[in-house]
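There are 2 protein chains.
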Amino acid sequence: MAVSWRIGLRSDFANQLPVGQNFACAVRSRSAPGTVVCCTGYRERIVPGISCATPPELESVSESRKSLFSAAALARAEPVSTPDVEALLDTLKWDSQGLVVAIAQHVDTGAILMQGFANRDAISATLGSRHATFYSRSRSCLWTKGETSRNFINVVDVFLDCDRDSIIYLGKPDGPTCHTGAETCYFTPAFESSSSEALSTLYMLESTIASRKAEVSAKPSWTKKLLENPKLLCSKIREEADELCKTVEEQEGRERTVSEIADLLYHSMVLCSLQDVKLEEVMAVLRGRFSKSGVEEKASRKVKAQS
Amino acid sequence: MAVSWRIGLRSDFANQLPVGQNFACAVRSRSAPGTVVCCTGYRERIVPGISCATPPELESVSESRKSLFSAAALARAEPVSTPDVEALLDTLKWDSQGLVVAIAQHVDTGAILMQGFANRDAISATLGSRHATFYSRSRSCLWTKGETSRNFINVVDVFLDCDRDSIIYLGKPDGPTCHTGAETCYFTPAFESSSSEALSTLYMLESTIASRKAEVSAKPSWTKKLLENPKLLCSKIREEADELCKTVEEQEGRERTVSEIADLLYHSMVLCSLQDVKLEEVMAVLRGRFSKSGVEEKASRKVKAQS
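Here the protein sequences line up with chains W and C, keeping their order. Here the first sequence stands for residues 1 to 307, where the numbers follow full-length UniProt numbering. Here the second sequence stands for residues 1 to 307, where the numbers follow full-length UniProt numbering.
Take these hints with a grain of salt, some might be off.
Pairs count within a copy or across copies, as identical chains cannot be separated in the list.
[Claimed, not checked] Only pairs whose alpha carbons sit at most 27 Å apart, straight line, appear in this in silico DSS-like list of lysine-lysine:
hint, residue 1, residue 2
1, Lys246, Lys231
2, Lys224, Lys93
3, Lys225, Lys93
4, Lys219, Lys93
5, Lys224, Lys172
6, Lys93, Lys278
7, Lys278, Lys172
8, Lys213, Lys246
9, Lys231, Lys172
10, Lys225, Lys172
11, Lys219, Lys246
12, Lys231, Lys93
None of these hints come from the bench; they were simulated from the model. Predicted model only: the values in this text are computed from it and were never measured.
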């Protein structure tokens, strides 16, 4: 899906300039070398000539303050919305400030990475660039998660809630999402001695296994014993796989299947921990094999205007 | 953690009455049989005598309109906050309306169930009752998800984000969360032919396997073949478990481990589908075995006032 891009002064940069101060710069797009875009003062200029699937790379050509600022600091490219996207946006229920709640969720682990707000332009930018983009209420401008840290959230799917006033950006983060360096922004439990992050069961278990592995003077635990004895671990995995199969072969019923798959999963996760493998990597492989939601495939999709 | 409960007329019930109409009823708590609580008109009365870990059950004693309404329709119990909870709430960054964003997430699958807003009373009620409770901006009252449908979200953990203006209720739903009957409110993809719900990779794969199983005139697929041939499926599970173990025994490296665990997981999930087992059930078993976050254990925890 080729989209057009609007290149303008970055609002957060413009906000740093004294009010009324004029500022001239020129930015050129590497993706469309013939086009020189001039941004003067606070004004943006639509550049109709730039049409490409990924955001155009920008480079400074000249500026009134002689290379004080890089192209990335001066300007940003935002996709110009398509009619399909506009039709979708028309169906959303915006609040009095023209916003909906936007939640970024990890496509592989299901972890809620962060929550912000989005206006029409932010959702349009997200759909066009595939980078989760929000509207900052404090700075009154769009901001793309990762524009400073380079830890973009690469959006593979977008979902609306039944009221159409809340949106999920389902994506793969390039690195930690939180500005503190944490994987997600939700690392503050309301209760003492709770998990350190909001983790669903599988990842809570992974975290528990990792804690056992890290313990030096551990009280005796089965997990620790397995980690210290790979031969035992492997024999248990073969045994548990066999027991899982027997629930089918000997028609032991679904309750037994639930219990045996839990056993096999746990022991396999201990093996992952032993091999320094993160479940997230396993999920990424499964997504690559089975998902119909790859970015490439999605790029050719038609945007859905109505539910 | 025993908490005190305030019993009052339900706001949504009171809202249905004509303005200014007086209404008298009496509600008694089964949990504290000696206490009779009178609610008149729109006024609430604090009942200091009721202190118990779970919400008091209510029953009608008498009312001016002779049993037109059940106790559950007339009144609701809300926990009276403890000093610990108040200290926690003091650290949150409330917006101009005294609200934060509240996201309910499925503790076992990681699915985002719904998103609403919460004020101090809503969070206090959630922490006290363990039922996800929100503030309805349209009706200007608290509402507990499930108070009508009985599909409560049983909260096992609560997390704040780094800005302390967004909160996750991590919980186990009693049934579908959405008023439409869908499991979650996020069933509207922005793109054609995307998944039908916002699912992370493991649950997307489960959904894909379920689709293969449901297909009648299926084009040939490996999943379908395994589902139709349990003997082949079981031999594959034993083979994949063996190959996973060999990545350790023969030091084949972590990349191989990632690939082999993905194979084992996929084949085990096909077996689950064959046995009509949902991954969610498996996760619930794992949580029961490994979680430190059970409701019972949590009930004895101290609420954390500062991050």
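Status of the hints after comparison with the structure:
Taking the closest pair of Cα atoms, lysine 246 and lysine 231 come within 27 Å of each other both inside a single copy (23 Å) and across two copies (11 Å). Neither within a single protomer nor between protomers do lysine 224 and lysine 93 lie at most 27 Å apart by alpha-carbon distance, with minima of 52 Å and 41 Å respectively. Taking the closest pair of Cα atoms, lysine 225 and lysine 93 never come within 27 Å of each other, the shortest separation being 55 Å inside a single copy and 45 Å across copies. Within a single copy, lysine 219 and lysine 93 get their C-alpha atoms no closer than 54 Å, and across copies no closer than 41 Å, so neither meets the 27 Å cut-off.
Taking the shortest Cα distances, lysine 224 and lysine 172 never come within 27 Å of each other, neither inside one copy (32 Å) nor across copies (29 Å). For a Cα distance limit of 27 Å, the shortest separation of lysine 93 from lysine 278 qualifies neither inside one copy, at 39 Å, nor across copies, at 34 Å. Proximity of lysine 278 to lysine 172 under the C-alpha cut-off of 27 Å is found in both arrangements, the shortest distances being 15 Å within a copy and 25 Å between copies. Proximity of lysine 213 to lysine 246 under the C-alpha cut-off of 27 Å is restricted to the inter-copy arrangement: shortest distance 21 Å between copies versus 31 Å within a copy.
For the homomeric pair lysine 231 and lysine 172, neither the shortest alpha-carbon distance inside one copy (35 Å) nor that between copies (37 Å) is at most 27 Å. Taking the shortest alpha-carbon separations for lysine 225 and lysine 172, neither the intra-copy value of 34 Å nor the inter-copy value of 32 Å comes in at or below 27 Å. Taking identical chains as interchangeable, the C-alpha atoms of lysine 219 and lysine 246 are never at most 27 Å apart, the minima being 34 Å within one chain and 29 Å between chains. For the identical chains of this complex, lysine 231 and lysine 93 are neighbours neither inside a copy (58 Å) nor across copies (52 Å), given an alpha-carbon limit of 27 Å.
Checked against the numbered hints listed earlier, the structure breaks hints 2, 3, 4, 5, 6, 9, 10, 11, 12; every other hint is satisfied.
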